[in-house]
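UniProt numbering puts the sequence shown at residues 1 to 258.
Calculated from the structure, these hints are not laboratory results. Just so it is clear, CB atoms sit at the ideal spot from N, CA and C, and this is done for glycine as well. Incorrect hints may have been included.
Dumping the calculated DSBU-like pairs for lysine-lysine here, alpha-carbon to alpha-carbon at most 30 Å [as the list claims (entries may be wrong)]:
hint, residue 1, residue 2
1, LYS55, LYS23
2, LYS17, LYS43
3, LYS23, LYS43
4, LYS55, LYS17
5, LYS55, LYS43
Just the calculated beta-carbon pair ranges, DEER-fashion [stated by the list, open to error]:
hint, residue 1, residue 2, range
6, THR42, ASP66, 35 to 41 Å
7, LEU197, GLU5, 46 to 52 Å
8, GLY90, ASP171, 32 to 38 Å
9, ASP171, TRP89, 35 to 41 Å
10, PHE126, MET1, 22 to 28 Å
11, ARG195, GLY40, 35 to 41 Å
12, HIS15, VAL146, 19 to 25 Å
13, LYS43, HIS184, 29 to 35 Å
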Amino acid sequence: MDVDEWTGFTRHFTHLKDGSQAKDRTLLLSAILGDAINIGLTKMAESSPGMTYAKLSWLQAWHIRDETYSAALAELVNSQFNHAFAANWGDGTTSSSDGQRFRAGGRGQSTGHVNPKYGNEPGRLFYTHISDQYAPFSTRVVNVGVRDSTYVLDGLLYHESDLRIEEHYTDTAGFTDHVFALMHLLGFRFAPRIRDLGETKLYVGVRGAMEQGSQLSCLGHQQWSVHRWGFGSAAMFEFASTAARTGGVASNFRAFSA
């Protein structure tokens with residue numbers, strides 16, 4: 001309640017049909033809390049005096065959607081970003097992203113959602129971007145079997161907050177050669193933590209960099225004319241431009257990488 005008084009984030013949970021705000025703020029916050037702690041509406045109704053599953057279900061169906069969550073999240077991130085104390089943690093120009101798995105009801109075998117790491121235990125993986133001010137400004141559901149790197153650019157390009165991210169960090173699952181190339185084209189500095197770095201090929205793009213005292217001189221020289229990206233420079237520009245216009249980096253990225 002206090003956070004809503006400070007930020008007014010609940011005003012973004014508008015009615016799907018007429019755009020009106022929820023009349024019962026306590027009911028709305030209870031439905032949001034049920035999602036946040038992953039207990040579902042049934043248990044939330046049982047533990048909340050005066051609330052029923054029917055009321056929570058109706059409000060969730062009409063007022064809680066992906067777009068309302070995104071707008072409300074942006075409101076919270078912006079409020080923190082504009083608070084003077086947030087500068088003690090960072091200036092809001094760097095971020096990192098990683099996946100986190102949450103258990104779910106049902107059985108994975110019946111739906112075919114089998115993950116090589118988690119097996120057929122029911123659950124979903126959420127890929128979250130967090131700023132250097134500890135604000136989670138983007139969260140997406142990751143499909144089973146899809147590499148995390150597919151969703152890195154979506155979080156950086158399509159969040160609705162006022163953050164202006166310049167440098168981004170991921171773990172090994174968050175990088176591919178394609179992501180390195182597109183990060184550069186789109187103006188981001190990319191600094192992943194790469195596992196087994198000694199067994200990974202690195203590409204130096206400027207002729208003569210090795211001879212000018214580069215710290216990578218021990219790795220040898222790679223001719224600038226030989227691109228090992230898997231596609232040419234013109235194709236990279238076309239992909240970045242198309243993805244930016246259509247608003248779907250993840251879908252375009254999967255198709256282009258095939």
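*HIS15 and VAL146, beta-carbon distance inside 19 to 25 Å?*
Because 33 Å falls outside the window, the suggested range is violated.
_Just to be careful, I want the Cα atoms of LYS55 and LYS43 compared with a cutoff of 30 Å; is the pair within it?_
holds, 13 Å
*asked:* Is 46 to 52 Å respected by the C-beta to C-beta distance linking LEU197 and GLU5?
replied: holds, 48 Å
_35 to 41 Å was suggested as the range; check whether the CB atoms of ASP171 and TRP89 agree with it._
violated, 21 Å
_Distance restraint hint 22 to 28 Å, applied to the beta-carbon atoms of PHE126 and MET1_ = holds, 26 Å
*Is LYS23 close enough to LYS43, meaning Cα to Cα at most 30 Å?*
Satisfied, since the Cα-Cα distance of roughly 22 Å is no more than 30 Å.
_Range hint compliance [Cβ, LYS43 to HIS184, 29 to 35 Å]_ = For LYS43 and HIS184 the Cβ distance comes to about 47 Å; the hint is violated.
*Range agreement (Cβ of ASP66 with Cβ of THR42, hint 35 to 41 Å)*: violated, 22 Å
*Straight-line Cα separation of LYS17 and LYS43 no greater than 30 Å?*
holds, 28 Å
_Outcome of range test on Cβ distance (GLY90, ASP171; 32 to 38 Å)_ = violated, 19 Å
_Range hint 35 to 41 Å (beta carbons of ARG195 and GLY40) holds or violated_ = holds, 36 Å
_Given pair status - LYS23, LYS55, alpha carbons within 30 Å_ = holds, 12 Å
In summary, the structure is inconsistent with hints 6, 8, 9, 12 and 13 from the numbered list given earlier, while agreeing with the others.
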